[in-house]
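Trainee: Chains as they are written, first to last, in numbering that gives the first Met the number 0: chain A, 0 to 110; chain B, 0 to 110; chain C, 0 to 142; chain D, 0 to 142.
If you are wondering where the hints come from, they were derived from the structure by calculation, not from laboratory data. Keep in mind that a hint or two might mislead.
[Said to hold, decoys possible] Short derived list, chain B residues pointing at chain D, Cβ under 7 Å:
#1 E16
#2 M21
#3 H22
#4 Q26
#5 D54
#6 S56
#7 G59
#8 Q83
#9 E89
#10 S91
Glycine included, C-beta positions come from ideal geometry on N, C-alpha and C.
Residues per chain, in single letters:
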Amino acid sequence: MNISTIVKQGVLIVHVEGEMDMHSAEQFRSSVDTSLETSGAKHIIFNLQGVTFIDSSGVGVILGRYKKVSILGGKLAAVNVKPQVVRILEFSGLLRIMKLFGSESEALDSL
Amino acid sequence: MNISTIVKQGVLIVHVEGEMDMHSAEQFRSSVDTSLETSGAKHIIFNLQGVTFIDSSGVGVILGRYKKVSILGGKLAAVNVKPQVVRILEFSGLLRIMKLFGSESEALDSL
Amino acid sequence: MAINNHIKMNFTSNSENIGIARVTAAAFAAQVDLTLNDIEEIKVALSEAISNAIIHGYGDIVGEVECEMFLSDDILEFIVTDYGVGIADIELARQPSYSSDPERMGLGFVFMDSFMDELSVESALGKGTTVRMIKKITNDKAH
Amino acid sequence: MAINNHIKMNFTSNSENIGIARVTAAAFAAQVDLTLNDIEEIKVALSEAISNAIIHGYGDIVGEVECEMFLSDDILEFIVTDYGVGIADIELARQPSYSSDPERMGLGFVFMDSFMDELSVESALGKGTTVRMIKKITNDKAH
Ligand SMILES: Nc1ncnc2c1ncn2[C@@H]1O[C@H](COP(=O)(O)OP(=O)(O)O)[C@@H](O)[C@H]1O
Ligand SMILES: Nc1ncnc2c1ncn2[C@@H]1O[C@H](COP(=O)(O)OP(=O)(O)O)[C@@H](O)[C@H]1O
Numbered sequence: 000m001n002i003s004t005i006v007k008q009g010v011l012i013v014h015v016e017g018e019m020d021m022h023s024a025e026q027f028r029s030s031v032d033t034s035l036e037t038s039g040a041k042h043i044i045f046n047l048q049g050v051t052f053i054d055s056s057g058v059g060v061i062l063g064r065y066k067k068v069s070i071l072g073g074k075l076a077a078v079n080v081k082p083q084v085v086r087i088l089e090f091s092g093l094l095r096i097m098k099l100f101g102s103e104s105e106a107l108d109s110l
Numbered sequence: 000m001n002i003s004t005i006v007k008q009g010v011l012i013v014h015v016e017g018e019m020d021m022h023s024a025e026q027f028r029s030s031v032d033t034s035l036e037t038s039g040a041k042h043i044i045f046n047l048q049g050v051t052f053i054d055s056s057g058v059g060v061i062l063g064r065y066k067k068v069s070i071l072g073g074k075l076a077a078v079n080v081k082p083q084v085v086r087i088l089e090f091s092g093l094l095r096i097m098k099l100f101g102s103e104s105e106a107l108d109s110l
Numbered sequence: 000m001a002i003n004n005h006i007k008m009n010f011t012s013n014s015e016n017i018g019i020a021r022v023t024a025a026a027f028a029a030q031v032d033l034t035l036n037d038i039e040e041i042k043v044a045l046s047e048a049i050s051n052a053i054i055h056g057y058g059d060i061v062g063e064v065e066c067e068m069f070l071s072d073d074i075l076e077f078i079v080t081d082y083g084v085g086i087a088d089i090e091l092a093r094q095p096s097y098s099s100d101p102e103r104m105g106l107g108f109v110f111m112d113s114f115m116d117e118l119s120v121e122s123a124l125g126k127g128t129t130v131r132m133i134k135k136i137t138n139d140k141a142h
Numbered sequence: 000m001a002i003n004n005h006i007k008m009n010f011t012s013n014s015e016n017i018g019i020a021r022v023t024a025a026a027f028a029a030q031v032d033l034t035l036n037d038i039e040e041i042k043v044a045l046s047e048a049i050s051n052a053i054i055h056g057y058g059d060i061v062g063e064v065e066c067e068m069f070l071s072d073d074i075l076e077f078i079v080t081d082y083g084v085g086i087a088d089i090e091l092a093r094q095p096s097y098s099s100d101p102e103r104m105g106l107g108f109v110f111m112d113s114f115m116d117e118l119s120v121e122s123a124l125g126k127g128t129t130v131r132m133i134k135k136i137t138n139d140k141a142h
C-alpha cells in the first residue's frame, strides 16, 4: 500500500493506493493518525482512486478514523471510489458517515 | 486464451490473447492448424499484442507451426510483441525463423 | 459430483499471505466463467476467513493456515482452516456486529454469508476453526 | 538465515494450475522489491518446472504436484516436486535441446538455469523429481 497526505484549506487529503485489508490496516492507521496530529486538520478526504480492494478490516480502519475526528466535530469524505469498493462501503453502513464525491474539489466544497 | 484468425492477401493472421503455456498450447495448435487447412494460406502472421506470457511450451507450439508451413515454402512473422515475450523468443532462437514487425501491414509487405 | 480441480495452500499466519491467497483464489475462480462481481465477492469472503484465522485464531502466535479450493461441476468451494484458539459460541460469533475485539467491526461473517451461497463453520476450543464457503456457478457459459 | 514467509501449494497435475501457480508465485515475489523483469523470470522458471512435473512426471496419469515458496532475508526459493516417473539421467536431461519428447524443445531446464540464480534437481526413477530454484534478492530496497 502507498499512502501520501497533503493538507488543503485545512483539510487532510489522503491518497491511497493498493488493497485495504488487515495487512495494510496498521500502515493506513498510523500514516493517517500521524498526519492528523502534525497538521491539526479537522476533516479528512480519502482519495481512493488507487484502491482496488477493501474488506471489513479496511472498513474498520476508516471507521476508526471517523471516531477520532468526529469527537472534535470533524467529517470524512471519499472521492474517486471504484464500484467494487463503493459496494463494500455501502454494505457495511459506512456511507452513512462518509459521503462520496466525484472530485477532491467537490468534497472540499462540502466540508 | 482467445484466438481469432482472418486471412488477408492470402496470409493467415492469428490474433492471440492470454498466456502461451502448456495449458493453452493445444488450443493454439488446433486453431491455427484448422485455419491453415481451411484457408490454404502459406504464410502466418501472429499478432501477439494480447500475449502477456510465454514459456518454452508456447515457443514450441510456434516452432511446430513453422515446421508445418516451411515445408511448403511458407514463412512466419509476429507483430506487436511485448518486451517480455520478445526476450523469450530471442532467447529460444525463434527470432531466427520468425521476424518481428511493428504492424500487420509491415509484416504483410515483407512476405 | 466430480471434483474437476483442487488446490491446497498452506501458509504461515503472516498477513502478507492474505493478499497472495486472494490472488490465487481469483485465478482459481477464473477457470470458470464467473462475473467480475462474483470474483470480487469470493475475494472478500476469503479475505475475511483468512484474516479471522490470523487475528482471532492465532493472535500473536505464528501458526499455519490452510486454504483449500475445489472446483466441481457447478460449485466453487473454499475451505479455510486454522489450528488456533477456536470459537466458544459459533452462533454468537456469526451475529452481525459481534466481535470479541473492540477495535473490529464484527462484519467478517456477515460478508462471508452475504457474498457466498453457503457458509458453514466448525470449531473446537483450543483445536481450531474450519470455515467452508460455496459459490454456485450459475453463469450459463460455465457449463 | 531466517525464513520470513512460506507458502506451500499442492494441486492436481491439471494444466490449468500452471497459470494459477504462476500468479501465486508472482504475488509471493512481489513481497520484496524485485524488478518486473525478475518477476517475469520467476514466472517462466516456475512454469517450466511445473509443466515438466505434469507432462514428464505424470504424463497421462493424474498426480499431485507440490510447489513450495520460501522467502528468506535475501533469497526467494521455489521447490517443485512430483511423485511421477523420475529422471534416469539428470545430466542428460539438463542438456540444452535434450528432450525425451520429440514434440518438445528441450528448453525447460535451460530457462530455469538462465532465469534463476541457482537450480538443483533431485530425482529417483519411479519415485519422482524435485527441482529447487533460487532467486537472489539483490535490489537494495528489499533490505
Ligand atoms: N478463526 C477464528 N478463530 C477464533 N475465533 C474466531 C475465528 N473467526 C471468527 N472468530 C470469532 O468470531 C467473531 C466474529 O468474527 P467476524 O464476524 O469475522 O468479525 P471480526 O473479525 O470483525 O471480529 C470474532 O470477533 C472472533 O471472536
Ligand atoms: N519432472 C520430470 N519428471 C520426469 N522427467 C523429467 C521431468 N522434468 C524433466 N524431465 C526430463 O528432462 C527432459 C528435459 O526437460 P526440459 O529441459 O524441461 O525440456 P522439455 O520439457 O522440452 O522436454 C524432458 O524431456 C524429460 O525427459
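Trainee: It remains to establish, for every hint, whether it holds in the given structure.
Mentor: Verification of the hints:
1. The beta carbon of E16 of chain B is not positioned within 7 Å of any beta carbon in chain D (closest approach about 14 Å), and the interface hint is therefore violated.
2. This hint holds: M21 of chain B has a C-beta 4 Å from the nearest C-beta of chain D, less than the 7 Å allowed.
3. Taking 7 Å as the C-beta contact cut-off toward chain D, the hint placing H22 of chain B at the interface holds, the least distance being around 4 Å.
4. This hint is violated: Q26 of chain B has a C-beta 11 Å from the nearest C-beta of chain D, more than the 7 Å allowed.
5. Below 7 Å, beta-carbon pairs count as interface contacts, and D54 of chain B has one with chain D at about 4 Å; its hint therefore holds.
6. The criterion of a C-beta within 7 Å of any C-beta in chain D is met by S56 of chain B, whose closest approach is roughly 6 Å, and the hint holds.
7. Evaluation of the G59 of chain B hint against chain D yields a held restraint, the C-beta minimum of about 5 Å falling below 7 Å.
8. Because the beta carbon of Q83 of chain B sits about 5 Å from the nearest beta carbon in chain D, less than 7 Å, this interface hint is met.
9. Restraint check, E89 of chain B versus chain D: the minimum CB separation of about 12 Å is more than 7 Å; hint violated.
10. Interface restraint check for S91 of chain B: the shortest CB-CB distance to chain D comes to about 6 Å, inside 7 Å, so the restraint holds.
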